[in-house]
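Put together the whole structure using the sequences plus the hints.
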Amino acid sequence: MSAEPRINNRKFRIRPANVVIAGYLLFLLVPIYWLVIMSFKTNSEILSSFTLFPDNFTLENYQTILTDPSWYMGYVNSFIYVSLNTVISLLVALPAAYAFSRYRFFGDNHLFFWLLTNRMAPPAVFALPFFQLYSSVSLFDTHIAVALAHCLFNVPLAVWILEGFMRGIPREIDETAFIDGYGFTRFFTRIFVPMIGPGIGVTAFFCFMFSWVELLLSRTLTSVDAKPITAIMTRTVSASGLDWGVLAAAGVLTIIPGAIVIYFVRNYIAKGFALGRV
Amino acid sequence: MEKTVNQRAWFLVLPVLVLVAFSSVIPMMTVVNYSFQDSFGGNEFFWVGLEWYQELLRSGRLWDAFGRQLLFSSIILAIEIPLGILVALSMPKKGWAASVCLVLMALPLLIPYNVVGTIWQVFGRADIGLLGRTLSDLGISYNYAQNAFDAWVTVIAMDVWHWTSLVALLAYAGLRSIPSAYYQAAEIDQASRWSVFRYIELPKMRGVLIIAILLRFMDSFMIYTEPFVLTGGGPGNSTTFLSIDLVKMALGQFDLGPAAAFSLMYFLVILLISYVFYTVMITIDKDEAKA
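Sequence lines, in order, name chains A and B. Going by the numbering used here, 70 is the number at position 27 of the first sequence; the sequence numbering is gapless. Going by the numbering used here, 232 is the number at position 242 of the second sequence; the sequence numbering is gapless.
No wet-lab data here; the hints were simulated from the structure.
Partner residues are not named here, just some residues of chain B that face chain A (Cβ under 7 angstroms, in silico):
no.: 1; residue: V(-5)
no.: 2; residue: V3
no.: 3; residue: P102
no.: 4; residue: M208
no.: 5; residue: Y214
no.: 6; residue: S233
Just so you know, even glycine gets a beta-carbon here, dropped at the ideal spot from N, CA and C.
Printed below as a string of structure tokens:
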């Protein structure tokens, strides 16, 4: 983002703007409010009465989740494969993004588009072949299987975002470093990577995000040992005798990590969504 | 800035190639294989040529799902793009208010897809949901589980809720990159609010808006989890979009051949449309590099 644009507020700021923003934020927050409130209610209150605030405020739903391993291990499993995926995606995407941003080589444009096609591929298409592939190499129901499967869409995205950030760095810096006698590896790790720190942060954020929210592949590739929290929740939905309070509490607990991560990247988030291209 | 030709750059790209080939090319070849073969259980396959493709194209099932999918994607693009631009234009430009807006707006994007479905389920249900109860108390008959129209409205509202912020954040990033000199010049010319938007802001947002349309088109075209959790594709088949139908066919009924043929045609359509967007985007990138 360039320097603060100084906009003449008197002339261009329209009053309805605040109304639009307030209305939009209200629209976003009301459904979330309902989920949060529901997680503090007892099941009988949810089903029998209609209250905007819990009559009998209870933490029982959260207690159920945090004391039952079949629930809380879901969060642990999700964190493991999401972190693995973020690390793998960044490690392979960094050199590739550098190559795309600095050099022309045989087939570069085609390669770039081919990478992007994987971001465009519907996960539904890959669900069955992935299941067979990872079963045949005995990786079914492991964290690494889900982490690798999510690389399908996260690696292309990481290359795309990083390339956007890298092209903003003048090439004279590379050339100066090489003249000063830096080898490629030393230049890359000591000088270049620190310079695109925000870009790496944003990329990590997006890898985290898309791996965290995905359900179809992670559910198909796991059964017990690596089952993510999102899949555990759908199992509960389909079981008879829905426990709405616990379901709501589980939902709230999946929102919290995202909210924390957003807070840390809030200043770069807009640029990140534009893939570093503004 | 011209890039230099360097074939050794291939070595830098190699890790990505190996990884993506493992997780994309091998499974894709399996799909291609299945789409031309039939099996009578076990591991015996025999060649059936284009039979699955012909059968699918003749049957109404694929076309119905495709029609619903196109309609869905068109509606959500028509709502989310203008609404996203409007929200971006209305956002505070700086200070704590801008930060609060950014964080709150990004929140729905970080919620797992099935939790989005769950949120709208408990929000919309006629018996326990805030929206459902309020509507029925107002005397409006609303039940997304039984009425196809209500189901569509709910699924669309859910998608708008989930993804409009993405468009708004992109448009906001584009707006922030406009130098203040442009606005000053417009003020000297006494340009109207509309002309500022039409001749300054919109052209400057063009690049990010194309990214927004590309991302929203692709993601809405492969939507699966949210409607699956909310409506399960129903009532009847009214919200069975392409991915829901495909998963039903592949993992539910285990019809490998038709499911594989379905997958390939599905992927090709997305690829084709995305290629058009991508080409436009590259052209704009080049134009801007020249300017």
